[in-house]
Amino acid sequence: MAQWYMAPTKISKFDTAMNIKCWKCKLITELHPYVLVIVNTTVAPLLFADQFLEISTSLASEYLYGLGEHLTSLNHDLKWNRLTFWNRDLIPAKNSNLYGTHPFYLSMEKDGSAHGVFLLNSNAMDVLLQEAPALTWRTTGGIFDFYVFLGPEPKSVIRQYHEVIGFPFMPPYWGLGFHLSRWGYTSTKMTREAVENMTAAGFPLDVQWNDIDYMDSYRDFTYDPKNFGDFPEMVKEFHEQGIKYVLIVEPAISSTTPPGTYPPYDDGLKRGVFVTNETGEPLEGKVWPGPNVYPDFTNPETLDWWHDMVKSFHDQVPFDGMWLEVVRELYDHPRVAERQVTTWGQERDKRQHGGSKEIFGHLGAAIDKWPHGGRREINGHTGDKREINGHTGAAEGYMD
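Residue numbers (my numbering): 17 to 416.
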């Protein structure tokens with residue numbers, strides 16, 4: 017059996033003390049004139065099995081925030097609630113796990129100070145909230161790799177947290193303006209009417225969007241020649257009115273087009289940029305365009321290929337921004353993968369612990385090997401911005 021990854025034990029020099037005894041741990045910070053226990057795992061036994069880990073801690077108060085992505089109140093209800101972490105494509109609903117996994121909480125202390133705790137683990141997990149107040153972590157694998165942020169102000173906790181996971185991309189100034197976006201603008205005529213109606217009613221409008229309605233058969237980097245035949249002209253008209261334009265793209269490249277007819281797929285095959293299975297063949301799923309393959313953004317060549325595809329399409333349609341949406345594989349159509357055989361490994365390191373059905377939804381990915389430097393943190397999980405921004409560097413400025 018593979019050896020467990022051992023987390024580094026280096027402790028930064030703060031005015032803190034740590035007392036470890038067997039499997040029970042207290043992290044104590046000296047906040048004069050009293051002593052505050054930040055993490056106290058002596059409240060319940062520790063469970064550490066092959067594919068089930070559980071640890072509990074008391075909380076400083078009933079004021080607890082974070083632990084996304086879930087449809088909850090800002091301050092969590094601690095009356096025996098369970099939060100499940102496992103990314104899926106679901107319209108927001110209560111008591112459901114949604115698009116993202118962010119196992120981090122901020123706890124307010126009774127004197128108004130704050131601290132935060134982050135569990136770096138990509139496996140499916142539950143967090144149980146209890147009235148004590150207390151919290152229990154349950155995960156199906158990996159290790160307990162905790163980060164504790166001492167604040168003491170809430171904004172300091174958040175900054176310390178982002179110093180670990182990375183900071184989000186700074187949007188352009190116009191990105192802070194008023195946007196209009198929805199599924200269902202099925203033509204340039206309908207999109208123009210939406211802008212005209214907003215203007216006529218005196219509503220501010222800085223940015224107009226289109227969902228994937230604009231695409232030709234939902235294929236990336238294409239537009240419908242019938243309903244969006246004057247797509248480039250429409251975007252130029254918006255620019256003349258001082259309105260920016262953003263379109264949506266999904267990283268699911270159609271794999272059923274005849275050879276030589278769809279450059280994103282043809283060029284991607286030649287350059288070896290798609291996620292593969294254990295046989296070396298592109299791993300197929302099924303999303304909007306039907307059967308499709310997925311760009312392997314851990315491969316540096318994929319970044320160059322993606323840049324080329326985006327620039328080529330931008331040369332046709334001068335959009336100002338692009339939303340890369342639904343960055344994960346979903347087996348909503350299991351028949352697509354019937355002919356493919358995947359062996360689920362038990363590789364144990366700090367980022368990959370077994371498999372997941374959602375390739376880009378979790379750090380742990382459902383593919384057989386990662387040949388490009390072992391990068392696994394992509395999207396939908398804490399740390400995705402650090403990996404993407406840090407790996408790609410600054411984007412070339414052909415978009416405003």
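Since the hints were made in silico from the structure, they are not lab data. Be aware that one or more of the hints could be misleading.
Stated by the list, open to error - The calculated DSS-like cross-link candidates involving lysine-lysine, where the alpha carbons are at most 27 Å apart (straight line), are:
(1) K242 x K302
(2) K286 x K242
(3) K95 x K126
(4) K95 x K110
(5) K327 x K302
(6) K205 x K171
(7) K171 x K252
(8) K205 x K327
(9) K286 x K302
(10) K171 x K242
(11) K126 x K242
(12) K252 x K242
(13) K252 x K286
What the hints assert, rightly or not - Cβ pair distances, simulated, as ranges:
(14) T100 x E297: 46 to 52 Å
(15) S197 x P316: 51 to 57 Å
(16) Y163 x E78: 19 to 25 Å
(17) T272 x K242: 29 to 35 Å
(18) E78 x D320: 47 to 53 Å
(19) T100 x D222: 26 to 32 Å
For clarity, every value in this text was computed on a predicted model and none was experimentally measured. Glycine included, C-beta positions come from ideal geometry on N, C-alpha and C.
Between the beta carbons of S197 and P316, is the distance compatible with 51 to 57 Å? Because 32 Å falls outside the window, the suggested range is violated.
Can you confirm whether the C-alpha distance between K252 and K242 stays at or below 27 Å? 18 Å, holds
So the hint says 47 to 53 Å: do the beta-carbon atoms of E78 and D320 match that? 51 Å, holds
That 46 to 52 Å hint for T100 and E297 (C-beta), does it hold up? 33 Å, violated
Should the hint that T272 and K242 are 29 to 35 Å apart at their CB atoms be regarded as holding? 20 Å, violated
Compare the distance between the alpha carbons of K205 and K327 with 27 Å, and conclude whether the hinted pair is satisfied. Cα-Cα ~26 Å, so holds.
Do the alpha carbons of K95 and K110 lie within 27 Å of each other, as the hint requires? Holds: K95 and K110 sit about 15 Å apart, inside 27 Å.
Does K242 lie within 27 Å of K171 when you go C-alpha to C-alpha? 50 Å, violated
Hint consistency between K286 and K242 [alpha-carbon to alpha-carbon, up to 27 Å]: It is violated: about 30 Å lies between the C-alpha atoms, which goes past 27 Å.
With respect to the beta-carbon atoms only, verify the hint that T100 and D222 lie 26 to 32 Å apart. 37 Å, violated
Starting from K252, check that the Cα of K286 is at most 27 Å away, please. Given that 27 Å is the threshold and the Cα spacing comes to 34 Å, the pair is violated.
Quick one, are K126 and K242 close enough, alpha carbons at most 27 Å? Given pair K126, K242 is violated - Cα atoms ~62 Å apart, limit 27 Å.
The structure is inconsistent with the numbered hints 2, 6, 7, 10, 11, 13, 14, 15, 17 and 19, although it conforms to all the rest.
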